[in-house]
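Protein chains in written order, with the numbering used here: chain A, 22 to 296; chain B, 16 to 248; chain C, 34 to 262.
Source of the hints: derived by calculation from the structure; they are not laboratory data. Possibly wrong hints are sitting among the right ones.
Capping the alpha-carbon separation at 27 Å, the derived lysine-lysine pairs in BS3-like fashion look like this [said to hold, decoys possible]:
#  : chain 1 : residue 1 : chain 2 : residue 2
1  : A       : K191      : B       : K21
2  : B       : K213      : A       : K136
3  : A       : K185      : A       : K170
4  : A       : K234      : A       : K136
5  : B       : K213      : A       : K287
6  : B       : K21       : A       : K230
7  : A       : K191      : A       : K170
8  : B       : K213      : B       : K21
9  : B       : K213      : A       : K229
10 : A       : K191      : A       : K229
11 : A       : K191      : A       : K234
12 : A       : K136      : B       : K21
13 : A       : K287      : A       : K185
14 : A       : K259      : A       : K191
15 : A       : K287      : A       : K229
16 : A       : K136      : A       : K170
17 : A       : K259      : A       : K170
18 : A       : K244      : A       : K229
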Amino acid sequence: MLPGALLGQLYQPVVDTLSMKTYLIGLMLVASPLITWGANEELRFGVDPTYPPFESKRPDGSLTGFDIELGESLCSELQRRCVWVENAFDGMVSALKGRKFDGILSALSITEARKAEIAFSNTLYDTPARLVAPQGSPLQPTAESLRGKRVGVQQGSVFEVYAKRMWGLKGVEVVPYQSSDLTYSDLINGRLDAAFDDAIAVSEGLLKKPMGKGFGYAGEVVKSPEIFGPGTGIGLRKSDTALAGEINQALERIHQNGTYERIARKYFDFDISPK
Amino acid sequence: MIEILKEFGANFLWSDGYRWSGLSVTLWLLVTSALIGLAAAIPLALVRTYGDRWLALPVQLYTLVFRGTPLFVQLLIIYSGLASLSLIRESPSLWWFFRDGMHCVILALALNTCAYTVEILAGVLRTTPRGEIEAALALGMTRRQLFMLVLIPSMLRRALPAYSNEVIFVLHATAIAFTATVPDILKIAADVNAATFKTFQAYGIAALLYMVLACALVGVFRLAERRLLAYQR
Amino acid sequence: MFLEGYGYLIFQGAWLTVQVATWAACVAIVLGLLGALAKLSPMAPLRLVATVYTTLVRSVPDLVLMLLIYYSAQIGINQIAQAFGRESLQLNPYGTAIGTLGFIYGAYCTETFRGAFRAIPFGQLEAARAYGMSHWQVLRRIRLPQMMRFALPGIGNIWQVLLKSAGLISLLGLNDMVQVAKQAGNATSRQMFFYLVIAAIFLAFAILSSLALKHLERRYSIEPQRSAS
Chain A
22 MLPGALLGQL YQPVVDTLSM KTYLIGLMLV ASPLITWGAN EELRFGVDPT
72 YPPFESKRPD GSLTGFDIEL GESLCSELQR RCVWVENAFD GMVSALKGRK
122 FDGILSALSI TEARKAEIAF SNTLYDTPAR LVAPQGSPLQ PTAESLRGKR
172 VGVQQGSVFE VYAKRMWGLK GVEVVPYQSS DLTYSDLING RLDAAFDDAI
222 AVSEGLLKKP MGKGFGYAGE VVKSPEIFGP GTGIGLRKSD TALAGEINQA
272 LERIHQNGTY ERIARKYFDF DISPK
Chain B
16 MIEILKEFGA NFLWSDGYRW SGLSVTLWLL VTSALIGLAA AIPLALVRTY
66 GDRWLALPVQ LYTLVFRGTP LFVQLLIIYS GLASLSLIRE SPSLWWFFRD
116 GMHCVILALA LNTCAYTVEI LAGVLRTTPR GEIEAALALG MTRRQLFMLV
166 LIPSMLRRAL PAYSNEVIFV LHATAIAFTA TVPDILKIAA DVNAATFKTF
216 QAYGIAALLY MVLACALVGV FRLAERRLLA YQR
Chain C
34 MFLEGYGYLI FQGAWLTVQV ATWAACVAIV LGLLGALAKL SPMAPLRLVA
84 TVYTTLVRSV PDLVLMLLIY YSAQIGINQI AQAFGRESLQ LNPYGTAIGT
134 LGFIYGAYCT ETFRGAFRAI PFGQLEAARA YGMSHWQVLR RIRLPQMMRF
184 ALPGIGNIWQ VLLKSAGLIS LLGLNDMVQV AKQAGNATSR QMFFYLVIAA
234 IFLAFAILSS LALKHLERRY SIEPQRSAS
């Protein structure tokens with residue numbers, strides 16, 4: 022008796038100009054897109070679409086990118102419907118454990134630190150890490166060269182881990198941002214001296230764009246197997262071993278039937294498959 | 016929890032080893048922006064209440080805009096929006112100011128709290144007891160004396176309870192600083208979360224710190240009210 | 034193209050912001066009512082729980098609480114469900130954001146409602162009891178409707194703050210209009226333009242809400258000062 026009667030009384034003064042019916046219809050309209058309950062055949066992937074060419078958003082709101090197409094083809098192999106859940110990159114692991122989605126498909130590198138928290142599928146792809154700076158800048162991806170400079174990285178990324186561990190302790194100011202596009206815009210306007218990120222993401226998100234004119238890679242590819250790991254994978258909950266098995270099988274199949282190759286060629290002009 | 020405190024305790028409180036971080040930065044943001052906001056709000060509140068229409072109107076518009084839009088959006092405009100304009104970047108003095116995230120945050124916080132404080136003070140001014148003004152005039156005070164010796168001190172005292180709430184809100188508002196790369200308490204929590212994946216502990220420690228700060232502020236203001244508003248009891 | 038082709042996305046984002054704020058306000062009002070009744074209840078444990086709730090929530094910044102609750106609530110629910118050996122219920126991200134905002138602003142509503150309950154002239158309650166109304170009848174027929182009038186201005190203020198807080202959900206990665214403006218600004222390098230657009234939308238919401246609230250207040254609110262004397 023309590024809630025209904027209580028609310029009836031409560032809303033009386035506010036509502037009585039509208040008829041109750043229009044009010045209820047209004048409420049339902051407001052609610053409709055919010056009520057999407059996860060069905061069993063859905064496969065929900067967490068993604069932070071600020072990272073072209075892996076995942077980004079078109080002006081019409083649809084998602085695009087290598088990870089998105091890879092995920093869609095995995096879903097069709099598994100005969101499940103892909104649902105993409107947008108989440109901030111630095112909250113991915115917690116959100117996965119909190120069951121906001123079933124897998125992280127967002128250029129997530131496979132690392133030992135993350136393996137302590139979550140499981141990974143087999144490796145999806147492996148891309149190099151590079152420093153970017155204004156063209157002609159003498160900066161090199163070393164602590165000596167970067168001392169006293171501000172270097173932007175994405176919060177929660179392997180690039181942040183590397184920069185903090187290798188440079189941050191030696192007098193380089195490492196500045197984490199919530200997403201890579203925010204890093205690039207501060208690099209363009211001059212708040213940062215350099216940015217450290219995935220070479221392909223930098224190329225697509227900055228260097229190939231008109232606003233990225235005047236910027237280029239600084240120094241060579243940075244290698245560190247122990248921090249960067251073997252490449253990226255789909256992050257999964259440790260308890261979902263069945264799902265991990267299914268995804269690995271599907272991944273195997275799209276490698277064999279040429280789907281992976283076809284998507285990869287669409288986005289990259291060189292081989293990104295894991296060695 | 017214990018390991019996080021051992022590893023990041025100093026970061027949370029005063030320094031990450033190279034610069035101020037955590038509690039000290041949050042306090043700095045709070046004190047500077049609240050003081051600047053209050054200093055600017057006093058004349059604006061007088062203009063808003065006693066100034067002529069063409070002076071009061073812009074002040075009203077300012078408080079409407081800054082109270083009607085989220086602080087987060089105001090900070091985005093100041094930090095990212097202005098920096099995207101070449102006009103700002105090509106002027107050395109402007110760019111010196113806007114290049115630093117800390118300046119941007121303090122400016123946004125000060126503008127924001129100033130707008131709210133103007134409304135608080137103007138509200139208090141409207142309820143100035145007539146007797147106070149009449150007594151001042153009866154003593155033969157000039158207009159200037161009336162403002163400096165009666166209206167403003169009386170306004171500041173009586174605004175204290177509402178203003179203490181506003182200061183707590185400014186404390187809460189400082190948490191937005193991390194979006195402009197300023198290493199305040201919440202930024203350290205985000206770093207800890209990224210480094211350890213212990214989300215609950217990382218943000219939980221931040222919440223505790225803010226709670227302690229808020230309680231301390233409430234205590235200080237209670238003491239101040241007891242002294243400064245003693246005549247009302 | 035309208036807003037460089039981002040017009041529709043911004044519209045969608047604005048609509049989402051309104052939805053989240055509206056539902057969060059509903060949650061907050063329900064929690065606020067329960068909290069206020071608990072605070073005024075004769076039972077000490079209830080009063081304690083409500084006091085802890087309002088004190089904790091109101092002393093911590095909304096953004097910190099959002100990050101804390103948004104990521105941790107589900108883990109907590111899972112653990113509780115596991116302890117009872119049940120299948121855990123799953124919250125979708127928007128539902129979690131709504132619940133989180135509602136939980137935070139419920140604490141502020143609690144204080145408003147508590148004050149409003151106490152502003153009801155005692156004579157009215159005595160009169161109701163003299164008519165032989167039961168405790169529940171007094172609550173339903175006198176205290177709740179009367180209290181709402183006193184609470185309306187306070188609830189209006191909370192709504193305005195809540196609406197602006199809803200802009201923070203973009204920091205969780207949810208796709209509200211702030212998030213859209215960030216993405217559009219970074220894609221087109223016209224950050225200033227898009228941030229000004231959403232600032233204008235927020236301002237319009239705020240002005241519309243305050244007009245609506247003034248209208249409601251004029252219709253339903255009695256002058257508290259007059260009735261108290």
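Tested hints:
1. A/K191 x B/K21: 21 Å, holds
2. B/K213 x A/K136: 14 Å, holds
3. A/K185 x A/K170: 13 Å, holds
4. A/K234 x A/K136: Violated - the C-alpha atoms of A/K136 and A/K234 are around 38 Å apart, more than 27 Å.
5. B/K213 x A/K287: 38 Å, violated
6. B/K21 x A/K230: 44 Å, violated
7. A/K191 x A/K170: Given pair A/K191, A/K170 holds - Cα atoms ~11 Å apart, limit 27 Å.
8. B/K213 x B/K21: Between B/K213 and B/K21 the Cα gap is close to 14 Å, so the pair holds against 27 Å.
9. B/K213 x A/K229: Violated. B/K213 to A/K229 sits at ~37 Å, over the 27 Å cutoff.
10. A/K191 x A/K229: Status violated; Cα separation ~32 Å.
11. A/K191 x A/K234: 30 Å, violated
12. A/K136 x B/K21: 23 Å, holds
13. A/K287 x A/K185: 34 Å, violated
14. A/K259 x A/K191: 36 Å, violated
15. A/K287 x A/K229: Holds - the C-alpha atoms of A/K229 and A/K287 are around 16 Å apart, at most 27 Å.
16. A/K136 x A/K170: 32 Å, violated
17. A/K259 x A/K170: With a Cα-Cα distance of about 40 Å, the restraint between A/K259 and A/K170 is violated, given a limit of 27 Å.
18. A/K244 x A/K229: 24 Å, holds
Consistency note: the structure conflicts with the earlier hints numbered 4, 5, 6, 9, 10, 11, 13, 14, 16 and 17.
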